[in-house]
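Novice: Everything in the first sequence is counted per our numbering, starting at 46 for the first residue and increasing by one.
Since the hints were made in silico from the structure, they are not lab data. Hints should not be assumed to be uniformly reliable.
Stated by the list, open to error - Quick list of in silico lysine to any residue cross-link-like pairs, SDA-like style, CA-CA up to 25 angstroms:
no.	residue 1	residue 2
1	K383	E365
2	K176	V68
3	K151	K425
4	K198	N183
5	K425	S467
6	K383	E553
7	K339	G268
8	K176	E265
9	K369	Y180
10	K339	E553
11	K303	V107
12	K339	S299
13	K529	A555
14	K303	H284
15	K558	P441
16	K429	E59
17	K560	P493
18	K176	P246
19	K222	G268
20	K232	D247
21	K303	A555
22	K222	L295
23	K303	Y180
24	K222	Q242
25	K198	R49
26	K339	T351
27	K560	Q524
Claimed, not checked - What follows is a set of in silico ranges between Cβ atoms, one per label pair, in the way DEER data are often shown:
no.	residue 1	residue 2	range
28	H106	E489	40 to 48 angstroms
29	W531	D386	24 to 32 angstroms
30	H106	A191	38 to 46 angstroms
31	R56	A354	22 to 30 angstroms
32	T424	G297	40 to 48 angstroms
All of these numbers come straight from a predicted model, not from anything done at the bench. From the three backbone atoms N, C-alpha and C, an ideal C-beta is built for every residue, glycine too.
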Amino acid sequence: MALRVFNTLSRKKEDFVPASPEVVRIYTCGLTVYSRMHIGHARTYCFWDMFRRYLEYNGYHVMSVINYTDIDDRLMERATDSVGSIDIAERVIASFRNDCRMLRIKDYAVYTRATDFIRGQIEMVAQLIGKGHAYVVNGEVFYDVASFPGYGKLSGRTVEEQQVGASGRIGEDVSRKRNPADFTLWKPSEGGQPSWQTGHPDWPQGRPGWHIECSVMSSETLGATFDLHGGAVDNMFPHHENEIAQSEPLCGCSTWVKYWMHPEHLDLRGEKMSKSLGNVVGVPDLLERHSYDKLRWFYAMNHYRTKLAFSGELIDSAAEGYRKITNLLDILEGRLSKWEDVAEGVPARGDYASLREPEMRVPRLRHYYEYGQYGELATKFIAKFREAMDDDVNSPQATAAMFEYVNELYRGGIESADDMPSVLAAYRCLTRHLYVLGIERPNELLYPQLATDCFPVGGESDTAAQDAFIDRLVEARGQARADKDWAKADMLRDLFAQCGLEVEDTAEGARWKLKG
RNA sequence: GGCGGCGUAGCCAAGUGGUAAGGCAGAGGACUGCAAAUCCUUUAUCGACGGUUCGAUUCCGUCCGCCGCCUCCA
């Protein structure tokens, strides 16, 4: 079975077949950088990251482009004499990059800024005018919706339908437009507003409209046509609809972009998140309460095309189940780290990390998830995981498969198994698939490629000395237990707990961890 | 006014024309000095009413409730 995705264009699940069998080209609408990324954006970009990771898992190289809209009225409104709109944009972009890294969103191949592509935008506007798709009114350029028969095909609406209830803001604008749905391609700037010279007498100066920038940036970076265009639901109309209207007549093809996908928004219990309601939560605020991996797991537990009920309690509830998985990984890491060269015990029958067709795979490393006494469980799990993800990225089902896998590993006694190569294979199988969901465990136990691919976790200090100290404390309690001095042992355990140190007694001795 | 979506156990959430994954919470049990961790057992007729069908939670219709979009928005 191969990957199928729900294509907004057809409103159906379709086989995902990129133009190249090796490369997938994706353009994602990024932020309008007038204000910082919030948790809603996080859901969207975490989804795109998971999608990208799954494509890579399948052997594709993903050329991903994301843009910053750094020319915008809201940006200009916020500008002051001392802090210009470009300053604001720079700050927001910097914090966006930082937030993405905190969320372990892999770097995009290209980050574009609308203001870096003005020349192309002017050129494209001119072409649209030349082809009769746009008209000029007092230095302002509008797209003529009526000139494009396909207008509305993405969002499934017609121009006529819209007119009835278009009550909102048909104000001063409409008189200059031929059709209320016509949108701005270029508008003149006044006063201190950012302005570019066009070289066209009818519309000599000004700035671009919102939609034209994405049409230009995507095509200049990815080519006249590309595989997939993303964003979130709110982009579907009018933004993406307008992009199609602009680009399709000029791309020299019948279909500018083959697939469109639109992840749903967050649902904050009926309250729309907005600045005015004061319920905008930034990524750092959120990560202070819930570590990134719990958040990623929470996102993965919900399907991307359904609204996500979002609250701290729901994240905690999901994290409680996730803890069972990390608990196992902690145990396995602790045991595996005591073995030298355990990887040598795994046969070198490896495949390339991806799941390309067998004849296309490159056996270069020891990737052998299905090795050893837990091999059958891995086979079953991988099949279920892939089946779920292939079906329009059904990550909730994928997480369910992972729970089943983990349960069976526990049941199979992996906590105390002696066959370390088998344990390693299972450990790698789990971490590899968590990685697809955006959860990374940088660890030398991983095979080298994945280990280097994981996000660098800067700033972590060496805790060896501290660990040794804690070991001695825990040993003291162990002695009390050996002496059957339960009062002392329990007193110490309570004391440790108060300090955030949890101790568990196992057949192999006490195990501790810092609660975080 | 137009377009679209949703309603599955206390909570979250997949899914299917043949009587419903997974997680949280709850209950009982095993293990443990006690815990913890883990394991075992256990909890739903899928918003309401009709229709199609041998059979619908899954298809169609009506209704009720919730929500999004049509205006900048991830």
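Novice: Work down the list of hints and note, for each, if the structure agrees.
Specialist: Hint check:
1. This hinted pair does not check out: K383 and E365 have alpha carbons roughly 28 angstroms apart, beyond 25 angstroms.
2. The hinted pair formed by K176 and V68 fails the criterion: a straight-line CA distance of about 33 angstroms is larger than 25 angstroms.
3. For the given pair, K151 sits about 28 angstroms from K425 by alpha-carbon distance, which is inconsistent with the 25 angstroms threshold.
4. Under the criterion of a C-alpha separation no larger than 25 angstroms, the hint pairing K198 with N183 is inconsistent with the structure, at around 30 angstroms.
5. For the given pair, K425 sits about 16 angstroms from S467 by alpha-carbon distance, which is consistent with the 25 angstroms threshold.
6. The suggested pairing of K383 with E553 holds, with an alpha-carbon distance near 13 angstroms, which does not exceed 25 angstroms.
7. A distance of roughly 37 angstroms separates the Cα atoms of K339 and G268; the hinted pair therefore is violated under the 25 angstroms criterion.
8. Of the supplied pair hints, the one linking K176 and E265 holds, its CA atoms being roughly 20 angstroms apart against a limit of 25 angstroms.
9. Only pairs whose Cα atoms come within 25 angstroms are accepted, and K369 paired with Y180 is rejected, the gap being roughly 61 angstroms.
10. Between K339 and E553, the direct Cα distance comes to roughly 29 angstroms. Violation of the 25 angstroms bound is thereby established for this hinted pair.
11. Distance check on the hinted pair: K303 and V107 sit about 16 angstroms apart at the alpha-carbon level, within 25 angstroms; holds.
12. Taken as a hint, the K339 and S299 pair is broken in the structure, with Cα atoms around 43 angstroms apart against an allowance of 25 angstroms.
13. The hinted pair formed by K529 and A555 meets the criterion: a straight-line CA distance of about 15 angstroms does not exceed 25 angstroms.
14. Restraint check for K303 and H284: satisfied, since their Cα atoms lie roughly 17 angstroms apart, inside the 25 angstroms limit.
15. Taking the CA atoms of K558 and P441, the gap is about 29 angstroms. The hint is violated against a cut of 25 angstroms.
16. Taken as a hint, the K429 and E59 pair is honoured in the structure, with Cα atoms around 20 angstroms apart against an allowance of 25 angstroms.
17. Taking the CA atoms of K560 and P493, the gap is near 29 angstroms; set against the 25 angstroms cutoff, the hint is violated.
18. About 18 angstroms separates the Cα atoms of K176 and P246, which keeps this hinted pair within 25 angstroms; it holds.
19. Distance check on the hinted pair: K222 and G268 sit about 31 angstroms apart at the alpha-carbon level, beyond 25 angstroms; violated.
20. Restraint check for K232 and D247: satisfied, since their Cα atoms lie roughly 11 angstroms apart, inside the 25 angstroms limit.
21. Between K303 and A555, the direct Cα distance comes to roughly 56 angstroms. Violation of the 25 angstroms bound is thereby established for this hinted pair.
22. Annotation: proposed proximity of K222 to L295 holds, straight-line Cα distance about 22 angstroms (limit 25 angstroms).
23. The straight-line distance between the Cα atoms of K303 and Y180 is roughly 28 angstroms, outside the 25 angstroms bound, and the hint therefore fails.
24. Restraint check for K222 and Q242: satisfied, since their Cα atoms lie roughly 23 angstroms apart, inside the 25 angstroms limit.
25. Taken as a hint, the K198 and R49 pair is honoured in the structure, with Cα atoms around 21 angstroms apart against an allowance of 25 angstroms.
26. Under the criterion of a C-alpha separation no larger than 25 angstroms, the hint pairing K339 with T351 is consistent with the structure, at around 19 angstroms.
27. A hinted pair counts as satisfied when its Cα atoms are at most 25 angstroms apart, and K560 with Q524 qualifies at roughly 23 angstroms.
28. For the pair H106 and E489, the beta carbons lie near 26 angstroms from each other, so the given range of 40 to 48 angstroms is not met.
29. Separation of W531 from D386 is about 41 angstroms and departs from the stated range, judged on CB atoms against 24 to 32 angstroms.
30. For the hinted restraint 38 to 46 angstroms between H106 and A191, the CB-CB distance of approximately 41 angstroms keeps it satisfied.
31. Separation of R56 from A354 is about 24 angstroms and conforms to the stated range, judged on CB atoms against 22 to 30 angstroms.
32. Checked against the given bound of 40 to 48 angstroms, the beta carbons of T424 and G297, roughly 47 angstroms apart, stay inside it.
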